[in-house]
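Asks: Let the sequences and hints guide you as you build the complete structure.
Protein sequence lines correspond, in order, to chains A and B. Just so you know, we're using the working numbering here: the first sequence kicks off at 20 and counts up by one. Just so you know, we're using the working numbering here: the second sequence kicks off at 33 and counts up by one.
Derived by calculation from the structure, the hints in this document are not laboratory data. What you are looking at is a predicted structure, and each value in this text was computed from that prediction instead of being measured. Any given hint might turn out to be false.
If the Cβ cut is set under 10 Å, some of the chain A residues that face chain B in the computed set are [stated by the list, open to error]: (1) Thr-105; (2) Trp-186; (3) Ser-272; (4) Ile-273; (5) Ala-317.
Using 25 Å as the maximum straight-line C-alpha spacing, the simulated SDA-like pairs for lysine to any residue come out as follows [to be verified]: (6) Lys-138(A) with Arg-90(B); (7) Lys-138(A) with Leu-204(B); (8) Lys-104(A) with Trp-174(A); (9) Lys-50(A) with Leu-204(B); (10) Lys-127(B) with Leu-282(A); (11) Lys-50(A) with Trp-162(B); (12) Lys-127(B) with Trp-186(A); (13) Lys-127(B) with Pro-292(A); (14) Lys-50(A) with Leu-466(A); (15) Lys-229(A) with Leu-204(B); (16) Lys-51(B) with Leu-479(A); (17) Lys-138(A) with Trp-162(B); (18) Lys-104(A) with Met-438(A); (19) Lys-127(B) with Arg-61(A); (20) Lys-51(B) with Arg-225(A); (21) Lys-229(A) with Arg-61(A); (22) Lys-104(A) with Leu-338(A); (23) Lys-50(A) with Arg-90(B); (24) Lys-104(A) with His-165(A); (25) Lys-127(B) with Lys-50(A); (26) Lys-104(A) with Ile-366(A).
Backbone N, C-alpha and C fix where the C-beta goes; we use that ideal spot for every residue, glycine too.
These are the residues of each chain, in order.
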Amino acid sequence: MATAVEELQHLKVADHPVVSPLREPLILGHKGSADVTEDIGRLLEQSPGRGWWLLFAGAATLLTAGLIAITYTITTGIGTWGLNKTVGWAFDITNFVFWIGIGHAGTFISAILFLFNQKWRTSINRSAEAMTLFAVMCAGLFPFIHMGRPWLFYWVFPYPNTRGSLWVNFRSPLLWDFFAISTYFTISLVFWYLGLVPDLATMRDRARSKFRRALYRLLSLGWNGSHRTWSRYETVYTVMAALATPLVLSVHSIVSFDFATSLLPGWHSTIFPPYFVAGAIFSGFAMVMTLMILVRWAMRLESYITIQHLDNMCKVTLLTGSIVGVAYLTEWFIGYYSGNPFERSIIITRALGPYAWAFWTMVTCNMLVPQLFWFKRARTSIPIIFTLSILVNVGMWFERFVIIVTSLHRDYLPSSWAMYTPTLTEITILLGSFGLFFTAFLLFLRLFPLISINEVKGVLGYARHK
Amino acid sequence: MRATNNRTNNARFTAAYFKREEDLLAATHSAREAGFVIHDVYTPYAVHGLDEAMGLQRTRMGWVAFAAGAFGLMCGLILQIWTSAYDWPLNVGGKPFNSFPLFIPVTFELTVLFSGLIAIGVLFMRNRLWLFNRRRVFERATDDRFVLVLRQPDASFDAERAAALFAGHHALSVIEGDQFV
Chain A
20 MATAVEELQH LKVADHPVVS PLREPLILGH KGSADVTEDI GRLLEQSPGR
70 GWWLLFAGAA TLLTAGLIAI TYTITTGIGT WGLNKTVGWA FDITNFVFWI
120 GIGHAGTFIS AILFLFNQKW RTSINRSAEA MTLFAVMCAG LFPFIHMGRP
170 WLFYWVFPYP NTRGSLWVNF RSPLLWDFFA ISTYFTISLV FWYLGLVPDL
220 ATMRDRARSK FRRALYRLLS LGWNGSHRTW SRYETVYTVM AALATPLVLS
270 VHSIVSFDFA TSLLPGWHST IFPPYFVAGA IFSGFAMVMT LMILVRWAMR
320 LESYITIQHL DNMCKVTLLT GSIVGVAYLT EWFIGYYSGN PFERSIIITR
370 ALGPYAWAFW TMVTCNMLVP QLFWFKRART SIPIIFTLSI LVNVGMWFER
420 FVIIVTSLHR DYLPSSWAMY TPTLTEITIL LGSFGLFFTA FLLFLRLFPL
470 ISINEVKGVL GYARHK
Chain B
33 MRATNNRTNN ARFTAAYFKR EEDLLAATHS AREAGFVIHD VYTPYAVHGL
83 DEAMGLQRTR MGWVAFAAGA FGLMCGLILQ IWTSAYDWPL NVGGKPFNSF
133 PLFIPVTFEL TVLFSGLIAI GVLFMRNRLW LFNRRRVFER ATDDRFVLVL
183 RQPDASFDAE RAAALFAGHH ALSVIEGDQF V
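Replies: Below, the structure is given as structure tokens:
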């Protein structure tokens, strides 16, 4: 960190602004507006390296395997999964909640940090929002195939029909889920696109190939940088951020209602909405860090996505991870303190029962691992951040697995106790969702500016005396 | 000075290029004080302080979003209450037909959905941003140059005074032209 300041103070050229002694600049290396256009634009225009092709081949292979498993599921039936009478949600809904959670960090970065005027978000918000879109696509896939007859998907819409009209049940959290997730996807998509329009115009004006010029001309909607436009644009951008902020909190709250409104021990809990939201932002930030470390390394964007950015994200991860930790402690304490034998029993079964290994993986990765971020050395070391960010996501996946499977495999009736093991089909679909996510993300890196060019230009003067 | 007056496309204009944001702001401010008609300013990113320098009024886009949200809220409530309590009442777990508190989540989502989509739609229409749109883009205005465009409403436009004003604020170059489109 100190080196960044020294580097800039060292290069005190008359033409360049001087670094503030108090704050470090967000973008390193004396970039001017033209440099930003060139650095980000060039990434899209040069042909992809071998690394990109290798990753793309890997992701596309996983996606293909996933598509085969999904086809097999739909043509044969849900019996191809390890679900049974009692553990009816299992892997599929675990993956659904996991992916929805991943998406939340993108909205947190693009909307909540925007409202709090956190200027460091400008380097990462574009790719984090793209991550949100792809994560929500992966999430939506799981309830869709879980329907068994996905071609009747449109039945969740409240549309006039020949059965009455028999309307959907607006009292059901599963229906709220449908509204929440489709709204979340739509709003995230238009918000992302809104942010992209000025950058697409920049790409259009520097495009050389005919195809690129036509593509960006079409998508940039004739943007020419008029300030009358900018003025309204900024207002609408703020409005969108103000809408997306409660929206993102509502989405995971509603996902948690799927569990909390039931009567099952381990699910029937009022702590679920804040606990789920904190967990979502926690896992999402971990995923953003994993992706950003790979991207800054592969695309040589070290002066745009600096250690300072990673440091800040580690702090958010530490905070939300600690909230998750406190939520676990509360859950266990209330399980005991409620005096309800069923609640007590499920807490004990989780910790000591047949799925104890999943429980302890969750506790280690979510409660203990992020505590390492108290140390500045951990927050500024790329290998450590990378490892911890992956561990956090392993932990958060297991959190959903523990919540869903352990509660379902031991309910009130001992006669309905059962064990659940995923089949190869289910595991392949999970891997396929990672394939979908990474395929989409890699294509995004090639087609759209992965860093918000216009917003970064706006913060170049940060911490520099004019 | 709302955007209505940038729809005239056939007047002559004078455009000055600037390299630095500060020069642009100062020049815009001086030009307005000197009585020139500012057609528009073209910048690669949103420059804060230009609204005041250009004398723009606060945009009404916030109200558009609010009204759209209120409309979404009404639609959500009416949809749910009418379908659940009037058109085909169904007894679900003994809950009242009009289970108002349980309708809040969907109402909220529809409020956000309507507000966001309509606000962006109106923004695009109001700024005439649409597919297959071809408008004049000043050179490097989407890259690293700031362009201040003055309108020449009639022959009384004092080109020399404008040139002096631009030069005083370190303009890189000044061009004249006929059409805005």
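Asks: Need the list of violated hint numbers for this structure, in ascending order.
Replies: Hints 1, 5, 7, 11, 15, 17, 19, 22, 23, 25 not satisfied by this model.
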